[in-house]
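Could you build the full structure based on these sequences and the hints that come with them?
For our numbering, count along the sequence shown from 1 and bump the result up by 681.
Accuracy of the hints is not assured; some may be wrong.
Stated by the list, open to error - In silico lysine-lysine, DSS-like type, Cα no more than 25 Å apart, as pairs:
1. LYS856 with LYS739
2. LYS759 with LYS856
3. LYS856 with LYS1233
4. LYS759 with LYS739
5. LYS739 with LYS1233
The set of hints was computed from the structure by calculation and includes no laboratory data. Predicted, not measured: the structure shown is a model, and the values here were computed from it.
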Amino acid sequence: MRVLLIATAFNSLTQRVHTELRECGHEVAVQLALGDEPVRAAVARTDPELIICPMLTKAIPRDVWSTRTVLIVHPGPKGDRGPSSLDWAITEGAERWGVTVLQAVEEMDAGDIWASVDFPVRACGKSELYRGEVADAAVEAVLLAVSRFEGGLFTPEPLDYDRPDVGGRLRPFLKQEARRIDWEADDTATVLRKLRAGDSQPGVLDELYGREYFLHGGHPEDELRGARPGAVIAQRDGAICRATTDGAVWIPQLRPRRTPGGPATFKLPAATVLADHLHRVREVPVTPASAAGRDTWAEIRYHEREDVGFLEFSFAGGAMSTEQCRRLLAAYREAADRPTSVLVLGAARDFFSNGIHLNVIEGASFPALESWENINAMDDLVEAVLTTTDKLTVAALAGNAAAGGLMLAIAADEVWCRESAVLNPHYRLMGLYGSEYWTYTLPRRVGAEQAEQLTTQTLPVGAARAERLGLVDRTAGGGAAEFRGWVEREAAALAGSPELTGRLVEKKRRRAEDEEARPLADHRTEELRRMHRNFYREGEPYHRLRRDFVHKVCPVATPEHLTGLLGRPD
682 MRVLLIATAF
692 NSLTQRVHTE
702 LRECGHEVAV
712 QLALGDEPVR
722 AAVARTDPEL
732 IICPMLTKAI
742 PRDVWSTRTV
752 LIVHPGPKGD
762 RGPSSLDWAI
772 TEGAERWGVT
782 VLQAVEEMDA
792 GDIWASVDFP
802 VRACGKSELY
812 RGEVADAAVE
822 AVLLAVSRFE
832 GGLFTPEPLD
842 YDRPDVGGRL
852 RPFLKQEARR
862 IDWEADDTAT
872 VLRKLRAGDS
882 QPGVLDELYG
892 REYFLHGGHP
902 EDELRGARPG
912 AVIAQRDGAI
922 CRATTDGAVW
932 IPQLRPRRTP
942 GGPATFKLPA
952 ATVLADHLHR
962 VREVPVTPAS
972 AAGRDTWAEI
982 RYHEREDVGF
992 LEFSFAGGAM
1002 STEQCRRLLA
1012 AYREAADRPT
1022 SVLVLGAARD
1032 FFSNGIHLNV
1042 IEGASFPALE
1052 SWENINAMDD
1062 LVEAVLTTTD
1072 KLTVAALAGN
1082 AAAGGLMLAI
1092 AADEVWCRES
1102 AVLNPHYRLM
1112 GLYGSEYWTY
1122 TLPRRVGAEQ
1132 AEQLTTQTLP
1142 VGAARAERLG
1152 LVDRTAGGGA
1162 AEFRGWVERE
1172 AAALAGSPEL
1182 TGRLVEKKRR
1192 RAEDEEARPL
1202 ADHRTEELRR
1212 MHRNFYREGE
1222 PYHRLRRDFV
1232 HKVCPVATPE
1242 HLTGLLGRPD
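Structure below.
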């Protein structure tokens, strides 16, 4: 079928639906919801048989939904309505929630129901839940709705609150008044729910050191305590720890509240934002190995199971600043020195990595210099992976990866990917040539011609297609926990394989052969020469594109690479 996706943004869920529908053989185009006229023009241009809205904050024009079937993906169970569905689910401690695909009508979220899939609500932030359980349920519901539409015999179910399986209700927009933390009264569990319900957007408005900030992210702390609830009692790797009535919580990021007439603000590491106030707040480090056995905030953890090491790293939004790259490099070197034969890289769930940290770069005094430092730190990390020859490395992608973060993954000997992950192997939408040794690793995996296509088409790649291309080696289904269990079993089998010694010998031989043909240093030098131009030469688009990304400036038109109908991938 010809399918048109209309979305407020080409976000993770829209990309996931895009790749899944293409994998099913549908022709798919995308139109950003930038106003009624562009939407009408896209409908006229593509003449879709079905319109799907994976993520939408604006109403579809009446003349579109009244003449075509338009399906809305709503992140709530049957009967749930309103713009803050997930926020309410987390705030109220729901154990199960759902995603409903319903037909667009005049009244928001009140149309006939085409499909509904429920899921367990994990104790995590809204954005992580959205990219994980919500996205999995949404794709299942969308594919079910599409098959029912194609069959032509299904009659969608009218919304009827008298039905026993319709347990949702109309909920208002969750305002800051309801999100506000009462540090003197709220226990740790309540504080965490409030923080997690707004971790990505809009955050929780609060006051620190006489100024208002939005708090982003919330993680428990198992040991530290403070005498005064709300007080900042520790800091670690850019995050701050605040006392609660019965414990403490970690907050990784803050966003200053914008003052009237003042410049726009954006999320940064909390300790960076509060740097002038934290001179007497102690730094409480935790090693990756000790963090693995604790319920505390840590971006990097390490543990072993027999002959396999697991280096887990989880950075907010998948972005890795200069300092985060350096910390991960230090942890990688320690892990590489351990007497294991297999080293698995990647978090148990959510993002693998999205490359350099654009927010930190935007907040730097000299963004070009910070960009340069950041890309070199990423290169150092990737080089360490590429030159590890005494053990096999496995990148385990439980979630999405993009740009330099994906190039970090393909530096490993094997790349194992959850079937739901979406990969973006390109840099050009940010106006960058790219580094992280991609000119060596990407053609080595997919060939020079395919590498050129992947880096210039700037389209997301689903896991199934990535496996066909050779971009990843293996894929596995199931939720994040099932995937992690599969990774652990397969890594153990790899470590115990009788072919392991032979593979290590072949790995060393090939690395030496490749180095003789063209040294890694040559790839890095050429890539960085082009990146230096992107960062420093006048007229390059990178700085403008980065600012627009960080400040969430809406595009004036749908990017050209999304507008055409695209056939089934190879």
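Hints and how they fare:
no.	hint	in the structure
1	LYS856 with LYS739	holds (19 Å)
2	LYS759 with LYS856	holds (23 Å)
3	LYS856 with LYS1233	holds (21 Å)
4	LYS759 with LYS739	holds (20 Å)
5	LYS739 with LYS1233	holds (17 Å)
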